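> Protein chains in written order, with numbering that gives the first Met the number 0: chain L, 0 to 487; chain B, 0 to 387; chain R, 0 to 314.
Since the hints were derived computationally from the structure, they do not count as laboratory data.
Nothing here was measured: the structure is a model prediction, and the numbers come from that model.
Backbone N, C-alpha and C define an ideal beta-carbon position, used for all residues, glycine too.
Computed footprint of chain B on chain R, listed as stretches where at least three residues anywhere in the stretch have a Cβ under 8 Å from a Cβ of chain B:
no.	segment
1	196-207
2	211-218
3	225-232
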Amino acid sequence: MSQTFSGDSGVAEAVKSSDLHPGTGAAFNADDFEPAVRINRFQGLSRPSLSYWSDAWMRPKKNRKATVSLAMVVFLALFTLVGPFLWRIDPSAQDMARISEGPTFAKTAVVIDEAASWTAPELSGIPAAPTASAENLLAPATLEADGVPSSQAVRLKWAPVTGASAYAVYRSETKPSGKVGTSELGVPIGEVDAGNKVGYEDTFNLERSEYFYSIVPKNGEEASKFTTLRVVLPSTIALSAAQALKSDIKVGETLHLSAHPFGTDYLGRDLLSRLMSGARVSLFIGFFAPLVMIFLGIVIGGAAGYTGGRTDNLLMAFADFVLALPFLLFMILFKIAFGVGAGESGIFPMLVAMVILSWPSSARLVRGQILQLRESEFVMASKLLGARPIYLLFRHLLPNTMGVILVSLTFAIPSAIFTEAFLSFIGMGVAPPTPSWGSMCNDGIQTFLTHPHEFLFPAIFISITVLSFNLLGDGLRDALDPRMRSTS
Amino acid sequence: MKNATNHRTKETLLEVSDLRVEFDTYGGIVKAVRGVSFEVARGETLAIVGESGCGKSVTVQSLMGLIPMPPGRITSGFVKLKGQDILGVSLEKANQFRGKEIGMIFQDPMTSLNPTMTVGKQIAETVRVHDGVSADEGRKRAIELLELVQIPEAKSRVDHYPFQFSGGMRQRVMIAMAIACKPSVLIADEPTTALDVTIQAQILRLLRELQRERDMAIILITHDLGVVAQMADKVAVMYAGQIVESGTVDEIFYQSGHPYTLGLRSAMPENDEEKSKVLIPIEGAPPDLFNPPVGCSYFERCPNAMKICGRENPALFNVSSPEHLSRCWLQVPRRAQPGGGGMRKSLRHTLNTADAADAAAETAAEGRVTFFEQPSAPFRGDESGMAP
Amino acid sequence: MLKYTLHRLLTGLITVFFIATITFAAMHLVPGDPISGAKAMSPEIRANLERKYGLDQPVLHQYKVYLTNIVKGDFGISYTQQNRSVNDIIRDHFPVSATLGVLAILIAAFGGVIFGSLTALFRNKAPDHLIMFLVILGISVPSFVFAALGQYGVTELNRFTGKDILPVGGWGTLSHMLLPSLVLGLGTMAFLVRLMRSSILEVMNLDYVRTAKAKGLSPMRIFLGHKLRNAVLPVITVLGPAIAAITTGGFVVESVFAIPGLGRYFVQAVQQLDYTVIMGLTVFYGSFLVFMVIAVDIIYGLIDPRISVAKRSAV
Numbered sequence: 000m001s002q003t004f005s006g007d008s009g010v011a012e013a014v015k016s017s018d019l020h021p022g023t024g025a026a027f028n029a030d031d032f033e034p035a036v037r038i039n040r041f042q043g044l045s046r047p048s049l050s051y052w053s054d055a056w057m058r059p060k061k062n063r064k065a066t067v068s069l070a071m072v073v074f075l076a077l078f079t080l081v082g083p084f085l086w087r088i089d090p091s092a093q094d095m096a097r098i099s100e101g102p103t104f105a106k107t108a109v110v111i112d113e114a115a116s117w118t119a120p121e122l123s124g125i126p127a128a129p130t131a132s133a134e135n136l137l138a139p140a141t142l143e144a145d146g147v148p149s150s151q152a153v154r155l156k157w158a159p160v161t162g163a164s165a166y167a168v169y170r171s172e173t174k175p176s177g178k179v180g181t182s183e184l185g186v187p188i189g190e191v192d193a194g195n196k197v198g199y200e201d202t203f204n205l206e207r208s209e210y211f212y213s214i215v216p217k218n219g220e221e222a223s224k225f226t227t228l229r230v231v232l233p234s235t236i237a238l239s240a241a242q243a244l245k246s247d248i249k250v251g252e253t254l255h256l257s258a259h260p261f262g263t264d265y266l267g268r269d270l271l272s273r274l275m276s277g278a279r280v281s282l283f284i285g286f287f288a289p290l291v292m293i294f295l296g297i298v299i300g301g302a303a304g305y306t307g308g309r310t311d312n313l314l315m316a317f318a319d320f321v322l323a324l325p326f327l328l329f330m331i332l333f334k335i336a337f338g339v340g341a342g343e344s345g346i347f348p349m350l351v352a353m354v355i356l357s358w359p360s361s362a363r364l365v366r367g368q369i370l371q372l373r374e375s376e377f378v379m380a381s382k383l384l385g386a387r388p389i390y391l392l393f394r395h396l397l398p399n400t401m402g403v404i405l406v407s408l409t410f411a412i413p414s415a416i417f418t419e420a421f422l423s424f425i426g427m428g429v430a431p432p433t434p435s436w437g438s439m440c441n442d443g444i445q446t447f448l449t450h451p452h453e454f455l456f457p458a459i460f461i462s463i464t465v466l467s468f469n470l471l472g473d474g475l476r477d478a479l480d481p482r483m484r485s486t487s
Numbered sequence: 000m001k002n003a004t005n006h007r008t009k010e011t012l013l014e015v016s017d018l019r020v021e022f023d024t025y026g027g028i029v030k031a032v033r034g035v036s037f038e039v040a041r042g043e044t045l046a047i048v049g050e051s052g053c054g055k056s057v058t059v060q061s062l063m064g065l066i067p068m069p070p071g072r073i074t075s076g077f078v079k080l081k082g083q084d085i086l087g088v089s090l091e092k093a094n095q096f097r098g099k100e101i102g103m104i105f106q107d108p109m110t111s112l113n114p115t116m117t118v119g120k121q122i123a124e125t126v127r128v129h130d131g132v133s134a135d136e137g138r139k140r141a142i143e144l145l146e147l148v149q150i151p152e153a154k155s156r157v158d159h160y161p162f163q164f165s166g167g168m169r170q171r172v173m174i175a176m177a178i179a180c181k182p183s184v185l186i187a188d189e190p191t192t193a194l195d196v197t198i199q200a201q202i203l204r205l206l207r208e209l210q211r212e213r214d215m216a217i218i219l220i221t222h223d224l225g226v227v228a229q230m231a232d233k234v235a236v237m238y239a240g241q242i243v244e245s246g247t248v249d250e251i252f253y254q255s256g257h258p259y260t261l262g263l264r265s266a267m268p269e270n271d272e273e274k275s276k277v278l279i280p281i282e283g284a285p286p287d288l289f290n291p292p293v294g295c296s297y298f299e300r301c302p303n304a305m306k307i308c309g310r311e312n313p314a315l316f317n318v319s320s321p322e323h324l325s326r327c328w329l330q331v332p333r334r335a336q337p338g339g340g341g342m343r344k345s346l347r348h349t350l351n352t353a354d355a356a357d358a359a360a361e362t363a364a365e366g367r368v369t370f371f372e373q374p375s376a377p378f379r380g381d382e383s384g385m386a387p
Numbered sequence: 000m001l002k003y004t005l006h007r008l009l010t011g012l013i014t015v016f017f018i019a020t021i022t023f024a025a026m027h028l029v030p031g032d033p034i035s036g037a038k039a040m041s042p043e044i045r046a047n048l049e050r051k052y053g054l055d056q057p058v059l060h061q062y063k064v065y066l067t068n069i070v071k072g073d074f075g076i077s078y079t080q081q082n083r084s085v086n087d088i089i090r091d092h093f094p095v096s097a098t099l100g101v102l103a104i105l106i107a108a109f110g111g112v113i114f115g116s117l118t119a120l121f122r123n124k125a126p127d128h129l130i131m132f133l134v135i136l137g138i139s140v141p142s143f144v145f146a147a148l149g150q151y152g153v154t155e156l157n158r159f160t161g162k163d164i165l166p167v168g169g170w171g172t173l174s175h176m177l178l179p180s181l182v183l184g185l186g187t188m189a190f191l192v193r194l195m196r197s198s199i200l201e202v203m204n205l206d207y208v209r210t211a212k213a214k215g216l217s218p219m220r221i222f223l224g225h226k227l228r229n230a231v232l233p234v235i236t237v238l239g240p241a242i243a244a245i246t247t248g249g250f251v252v253e254s255v256f257a258i259p260g261l262g263r264y265f266v267q268a269v270q271q272l273d274y275t276v277i278m279g280l281t282v283f284y285g286s287f288l289v290f291m292v293i294a295v296d297i298i299y300g301l302i303d304p305r306i307s308v309a310k311r312s313a314v
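Make the full structure from the sequences, and use the hints.
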């Protein structure tokens with residue numbers, strides 16, 4: 000039997016009683032078969048309907064990435080606009096005493112005289128180059144600081160070790176435990192190459208307030224024994240450097256040194272305030288160029304799309320031509336051509352070049368949208384009802400392209416910031432002394448291996464900004480793309 | 000109209016029993032298919048009819064293993080192909096019958112073909128995978144198949160890309176691909192929906208010819224009752240994930256035992272000039288399958304709704320013949336109802352209100368009770384009178 | 000297809016002509032004149048130099064000479080390195096840039112396709128999240144930061160192991176090329192991964208993939224024959240702009256890694272305002288990029304039957 004659809008076929012009464020009345024198996028009341036009274040027939044939609052923009056607003060709120068990136072954008076705006084009022088340090092003020100300093104808090108320093116020249120003590124009667132095995136060498140019996148150590152110089156002297164032909168000097172920021180030999184003594188900052196020369200002067204980057212110096216005697220090989228000394232450095236500043244900050248200061252007086260939470264650059268300028276004023280330049284270009292570009296795009300694309308015909312062909316041929324020009328190459332070319340006169344920051348030429356070269360993409364986008372909308376039924380209907388072109392354009396065409404425009408604006412911002420950084424990095428962007436994040440990176444990369452903070456901080460700021468706008472753009476696109484609406 | 004009884008003695012090829020499919024979505028769990036059962040035999044055409052979203056496509060896609068899992072989930076039921084279980088088997092096992100034993104044609108021939116592969120390669124692919132033949136042999140078979148589906152100049156067309164074919168031609172290519180390995184069952188998921196009417200007729204004729212030639216079973220998914228009338232031996236009407244009525248094509252068309260089927264009929268234009276017919280739409284919308292109703296799923300829209308309909312979902316009751324089943328309380332067998340009076344009711348006569356009196360007389364003569372004697376109430380398009 | 004190719008090449012030539020013209024005009028807009036840029040000199044030498052570079056001629060004549068020379072393939076002589084012609088510079092240094100660029104684009108394209116496919120295959124699982132996190136970083140971090148960090152990393156690696164595992168700069172062997180080309184390709188790769196991912200995800204739900212499943216094809220066959228094939232096409236279309244990005248990105252990477260490539264010379268010329276070199280290299284780079292984009296479009300046309308076959312039968 001192939002004709003059945005369900006259950007046992009052919010028998011009309013095959014329906015099980017439990018099917019009829021689940022649970023009890025009881026029969027029905029006659030009342031069950033009275034016409035039903037139905038309240039709320041055809042309830043309509045069970046979920047509230049959302050308008051395009053309210054739906055678009057709900058969506059990024061649900062998207063964690065978009066929310067975080069929006070918060071980041073707000074933070075960057077505050078950093079740029081409010082920051083300079085809270086952190087009132089002149090970004091161009093140079094502090095030659097504190098060049099390329101890592102992040103520091105506020106501190107005071109005692110002004111000291113210029114360090115006089117110092118030579119390591121040389122003992123007579125002890126051979127400079129004895130012959131002995133390194134294994135038999137003892138640790139120096141004494142190790143002490145000669146004079147008061149300062150942040151300009153730490154001078155060490157120690158008792159000679161019999162049989163040593165040289166001494167290695169190590170510096171560590173933490174106390175060596177002494178358990179694992181010489182491997183944890185820190186940086187080998189110097190070597191004294193005579194057995195009778197028992198002193199060393201360290202002037203290298205004395206930034207911390209405490210160091211551990213170890214002396215290891217050598218004879219060919221390094222000995223396994225050593226002596227360690229803890230040296231505490233008072234915060235001091237040389238007279239000449241102090242006078243640069245405050246002209247009438249004298250030796251022995253205390254000078255208040257400002258904090259540099261992000262350190263200083265190669266000219267001793269405060270990095271935080273430079274980042275803030277650099278943000279103003281980078282974000283100004285990052286916002287202004289896309290805005291002008293999109294505006295131009297709307298005007299040209301709207302005109303092309305709305306008028307159509309020959310105007311459209313001509314404008315789009317021109318747009319295609321501009322698009323075919325290699326972007327960065329012509330940015331550089333225009334930058335040179337518009338010139339940077341003395342005292343000019345070069346922001347304006349960069350803006351102009353950027354707008355000239357980038358309007359076609361948004362014009363094409365707007366034109367495409369307008370063309371599509373122009374043929375759509377609701378615009379036809381509006382036309383039939385007698386709507387004038389201006390009304391059509393502003394009431395129907397442009398508002399419906401806004402979503403696309405907004406998304407492309409969000410993606411244009413990070414790419415403008417990128418372009419600025421790239422150009423400034425190769426020295427073709429904002430002219431010194433005006434800081435921008437890109438030019439700060441350019442300055443910082445020279446000393447990247449020794450003072451990474453000068454490069455890293457602006458680089459991090461560029462990356463975070465670009466990242467936030469990219470994520471925000473993603474969120475906005477998801478929110479405004481009607482195709483995504485159905486999926487959730 | 001074909002008569003289903005011709006095929007009575009043929010072997011059952013595909014048997015689906017109590018199939019239930021759910022989908023996890025953001026809005027909750029959608030119970031797309033809720034206990035569907037049917038069978039098809041060799042050489043027979045079963046049409047599954049229903050409005051969009053009723054679960055007809057999900058039903059056939061789940062038996063082919065084409066439901067993405069997750070979010071899809073088959074919660075119960077079995078599907079037997081020539082007696083072998085094929086529901087929820089491993090991918091390797093599924094690939095032994097997909098394309099080989101069961102071929103499938105999809106709705107939109109524009110998008111169902113790979114745009115960057117020649118149609119010859121796409122057809123040959125099926126043959127090569129299942130029969131393990133060489134590329135040359137595959138190509139030869141592809142040409143034969145293109146000829147079989149009546150594509151002119153098959154020898155040169157075999158190297159063409161889908162975009163070089165018209166819609167109807169593409170659907171022929173799809174059919175060639177689906178029957179490449181001589182499957183015993185062909186599933187056609189709305190095969191003519193995207194085509195215009197003249198092409199539609201050609202494609203349906205081709206399907207019928209191929210069916211006769213190869214003695215295939217066809218499961219035809221459609222929402223077009225015209226197509227059903229032309230093609231089907233048996234019909235299953237689906238509503239909100241359930242089969243609400245099933246039977247032979249004559250039974251469904253002329254002795255409908257479910258208000259929904261009747262509603263569909265009233266909403267369908269007829270090619271009969273004598274009867275000038277007013278098309279009556281079915282009011283309202285199908286129920287929310289996130290939260291299917293406890294009672295009959297058609298309750299809200301049903302012009303004949305009774306108290307029990309809102310409370311309990313009816314089982315499938317027999318109507319006019321043993322194979323004619325309807326999921327409607329109006330068809331409750333007389334034995335189960337209080338007082339021993341018959342409760343079963345044939346609805347066909349009440350299509351026109353003028354016939355209502357006759358119908359009442361007739362059903363009374365048959366020992367059945369007509370509940371809605373007042374001729375104005377039932378089966379009217381305008382249901383404002385029913386709403387309190 | 001032939002007609003299309005010829006049409007594209009012709010528009011390319013016109014674009015190059017405009018590039019040359021704009022470059023010429025831009026350089027003559029520069030305030031002051033090219034010679035007195037850096038150092039003071041006697042009027043006599045100045046006059047001689049002006050004669051040497053043809054600056055004593057009227058602008059229109061200069062333009063004519065300039066265009067004729069470009070057609071002949073002569074870009075003039077450098078102002079700062081007065082015995083070197085721009086052609087010499089291109090001949091000596093372009094191969095280096097080209098090697099670096101080709102390596103970078105290979106890394107970017109293959110990395111983009113492979114990682115993009117992986118993210119799509121492992122959609123919403125750990126590998127997807129990891130790769131997409133790195134991709135977001137790759138898109139948001141400028142190439143000079145990668146360059147600096149890469150250099151730092153290699154320095155530390157060499158110091159840690161006490162061996163020169165990789166050189167931190169310079170040019171010559173394959174080991175010199177490894178880090179710069181990776182750094183150069185990274186940003187583009189991140190972009191391509193993203194594109195490939197969305198492309199595959201889009202293809203995955205298309206009807207013809209369902210058809211392929213219904214035919215009983217194995218997942219591998221479906222992936223290679225149906226998904227990848229169609230998903231790669233949009234990636235090919237962006238290779239033109241990707242080549243442009245990698246070429247200009249080379250300016251920075253070559254400078255940071257001290258690679259004697261054309262990009263570094265271009266940046267130097269820009270910084271020293273060496274006008275002939277700037278003009279020559281702008282025109283050279285400009286034509287190179289214009290024709291690269293055209294080449295990519297034509298190759299795409301050959302690969303995508305919807306274009307190649309349609310065009311072939313149309314002509």
